[in-house]
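Put chains B and C on the given structure of chain A with help from the hints.
Chains as they are written, first to last, in the numbering used here: chain A, 1 to 344; chain B, 1 to 344; chain C, 1 to 344.
Some hints could be false.
Coverage of chain A stretches by chain B, computed from C-beta distances (three or more under 8 angstroms per stretch; other residues unrestricted) [unchecked claim]:
#	stretch
1	46-60
2	67-81
3	85-97
Straight line, CA to CA, 30 angstroms or less: simulated DSBU-like cross-link-like pairs of lysine-lysine [as the list claims (entries may be wrong)]:
#	chain 1	residue 1	chain 2	residue 2
4	B	K262	C	K314
5	B	K143	A	K143
6	C	K288	C	K132
Since the hints were made in silico from the structure, they are not lab data.
Model, not experiment: these values are computed from the prediction.
We put the beta carbon where it would ideally sit given N, CA and C, even for glycine.
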Amino acid sequence: MFLRNSWYVAAWDHEVPAGTILARTFLDEPVVLFRDEAGAPVALEDRCAHRHLPLACGRIVGSTLQCGYHGLVFDRTGLCVRVPGQTQVPPGARIRSYPVVERHRWLWIWMGDPAAADPATIPDYHWNDDPKWVSVGDRFHVKGSYTLIVDNLLDLSHVQYVHGTTLGTDAVVDFPVHVTRHDDRVQIDRWILDNPPPPMFWRAGNLDPAARVDRWQLISFYPPTHVVIDVGCAPAGSGAPHGDRSKGIEMYSNHTITPETKTSSHYFWHHARNFRRDDPAITEFLKKAAGGAFFEDVGIIEAQQASIDTDVEKLPRVDINADAGVIAAQRLLARRIEDEAARR
Amino acid sequence: MFLRNSWYVAAWDHEVPAGTILARTFLDEPVVLFRDEAGAPVALEDRCAHRHLPLACGRIVGSTLQCGYHGLVFDRTGLCVRVPGQTQVPPGARIRSYPVVERHRWLWIWMGDPAAADPATIPDYHWNDDPKWVSVGDRFHVKGSYTLIVDNLLDLSHVQYVHGTTLGTDAVVDFPVHVTRHDDRVQIDRWILDNPPPPMFWRAGNLDPAARVDRWQLISFYPPTHVVIDVGCAPAGSGAPHGDRSKGIEMYSNHTITPETKTSSHYFWHHARNFRRDDPAITEFLKKAAGGAFFEDVGIIEAQQASIDTDVEKLPRVDINADAGVIAAQRLLARRIEDEAARR
Amino acid sequence: MFLRNSWYVAAWDHEVPAGTILARTFLDEPVVLFRDEAGAPVALEDRCAHRHLPLACGRIVGSTLQCGYHGLVFDRTGLCVRVPGQTQVPPGARIRSYPVVERHRWLWIWMGDPAAADPATIPDYHWNDDPKWVSVGDRFHVKGSYTLIVDNLLDLSHVQYVHGTTLGTDAVVDFPVHVTRHDDRVQIDRWILDNPPPPMFWRAGNLDPAARVDRWQLISFYPPTHVVIDVGCAPAGSGAPHGDRSKGIEMYSNHTITPETKTSSHYFWHHARNFRRDDPAITEFLKKAAGGAFFEDVGIIEAQQASIDTDVEKLPRVDINADAGVIAAQRLLARRIEDEAARR
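Extracted from the complex, chain A is given alone in its bound form (with noise of 0.2 angstroms):
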């Protein structure tokens, strides 16, 4: 099941550059997006409604795309506005189109009810194009559900088992997580106090390794699937647990997951940092390792994924203590899924 009104992440923006057609699947729907001749992006179903071939085997044609079979055009909003060799186009010769808004450089897709489509409700990953943030990032395609994807950022006590050589110390379930249950959001915050800090965090941040610091991972979930992880480290006892970063380094990582299928989807993340901004190799150093991390959770999710589709009895599967912020994101889109339903 798939919230549908909402809004994903559709593609990074140098993903569709004028005069190319991109073609994605969305909740199990084909999409075609292209840029207009003013360069807004624009999102059609991917199918002509004439025959079905595909409209990315197509052309961009101004703003309009047309059909590579037999030439009808449809312009931005799905309407054919022509069929080759007569004067009337039919009627009902339409596809759907999908609101679509660029921001923070991804373009962002609306696969619900068009009308209920509002451009202020698109999260904020501002740390994606504000100056004062240097930011990276990659997209994955997962064989494996958004759920799964969700599940394994909310819960970050894998990373000493899952990112041992990256982002893990051995200490970090040891210090348990606090959850806080909002209407529109599950906070999980987790506070490693007075221990060593992580490779990733020591070779960025240029620390002593054997240092003691006070580190946090504050990780924000809005429904359905994005998560904003406000991380960092600070000297031990230098006041960042009551709000004094000063001493310390801040990253965000941050991610949100549009589903392809109910066992697909697409991974798309970004990590900004606001300090040695003006250094590449600290740059090129954080896209490798956090795309490397991130990367090493996508082969525990495909191994997941399989696991679970080959398991014919459903078995059960048990909770523990860390799952409690998994469980309360878990109910909070259950319950949006629920409402949408609902209301249809």
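What follows is chains B and C alone, placed relative to chain A:
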């Protein structure tokens, strides 16, 4: 749904040389083709009556086929005539055999009731071995329904979008077709008057690309899947529309599709000309040009089939004027299939 | 359908060296094999109780297995004994464990009720580690049902069609088998008297290819999937049929099949001889010759399975005289499976 009581092309003659076994699936049934000692083609079910090993794993013994597992021998009627190690053949030890006839360089198979198989009803493709014509051809395997391939061939308004550099000119779609419905066929004719010839025509016919010609596309559809296309051009105003082709060039672009499964097909075609017959460079050019153009269609059809397969909502398809011939042909075939079902 | 209360071979001993985890599916269940600190084999469900990641993605810790996602630890009984970050293990946190016994160079697993697992019922394959014999063997993965493989082994009339250049001679099928039905096994015996030896025999035994020998194929089938084949030959008339093998050569061609799924299998075999035991060239020759011949069977079985899978009509299979042993074995196995179902 398939029309069973009908001749279909199983293979080119040269695909089944003496001494070799060809396995191919038609109408969802596995079939094995080989030649008997006299060189006559034989078509049997590709499945031993004993333990269902494909007989394609066996060997030809005289005019019979011997299974490669336990040595059972089947004659051209499908009857088991020998079981090694025993003197009696068990009752019921037989497999299906299919009427098969070699004509016009193709092997024709009858997948329906053998008693109804009349070789006189094999469609006329004499251009493929008539000494007055030089014919080139090939076979494509297509991951698409036979109906999509037939639709493609009956509506040539696609040529300017799919074959712009070979068969197409911009004007095709502006000249409407004239559709005639007969009991046994549909005729779909288009005359493109006083226009430049398409690239393949002026290259093959050594014409002036800037010349003005009267060009014809006269399509005969015979159910279930036979399409004979009479194409050519003559100098504009030289009388071709009234029957005088003496100053023009004529070609036959002929096609026949054999369903493999509901969503895959064997696509056989040949392209014949009656001019510059002694020039092997033209023969080679036409083989490459026609094959290249038809392979562009294969790409379209496979994309279209994939689009249809993933359309869980079974969305309707809008018709346009150019579909008149396609729709007439679909109705004629549907009527034949219904008649056949009613008789069973 | 599978017989569950039965020993199956899970792996060769050398496939599970200390410190490594082997993942393999048996009877449609994912299993993970490893060795405890004492070197004893352990078999667990390959699925963490928490979020179903395969435990094959984890690591061995002492005599336990730790999940590679959140670090849950399972002991050899399948009980979760540690959840990082909490002091209590949640009730119900356990996975299946399977009885496993190492014998005759194979690891034997019991997929049924553990209380019924009696190592005394492991079938006798002593030839595989008896110092009086030299044994070679291997494991094949087969995309075919275990029943097809057993059928293949119980009807050796196929050897002259499938293994003409190795195990076969033209005469095999002309010598009928003698089938004896016991409560616990089926015995299928064939004597081929006064005939030339097959190529593998005269090469291994250094015999005259033109010699006349009395040759035996004495097959014992133990349900569900165990096949012991006593093969050999002695000079014609030297008394072998009456028990005097002193002038001949003896080999055991032994097989056991473990279902992976309904249509795929793990096929384990070994081939033992008690002559020319110190000659490594003969050992090497027999490993290649036996393995090569059995691999010919794999090709046949996979083609047969594919043929059965595409047979939507479920066409009947005709039986022949040579199937007497196969049919007796199928009945014995069917009876065991019915008995087991009745007891549940």
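Check each numbered hint against the structure and report the violated ones by number, ascending.
none
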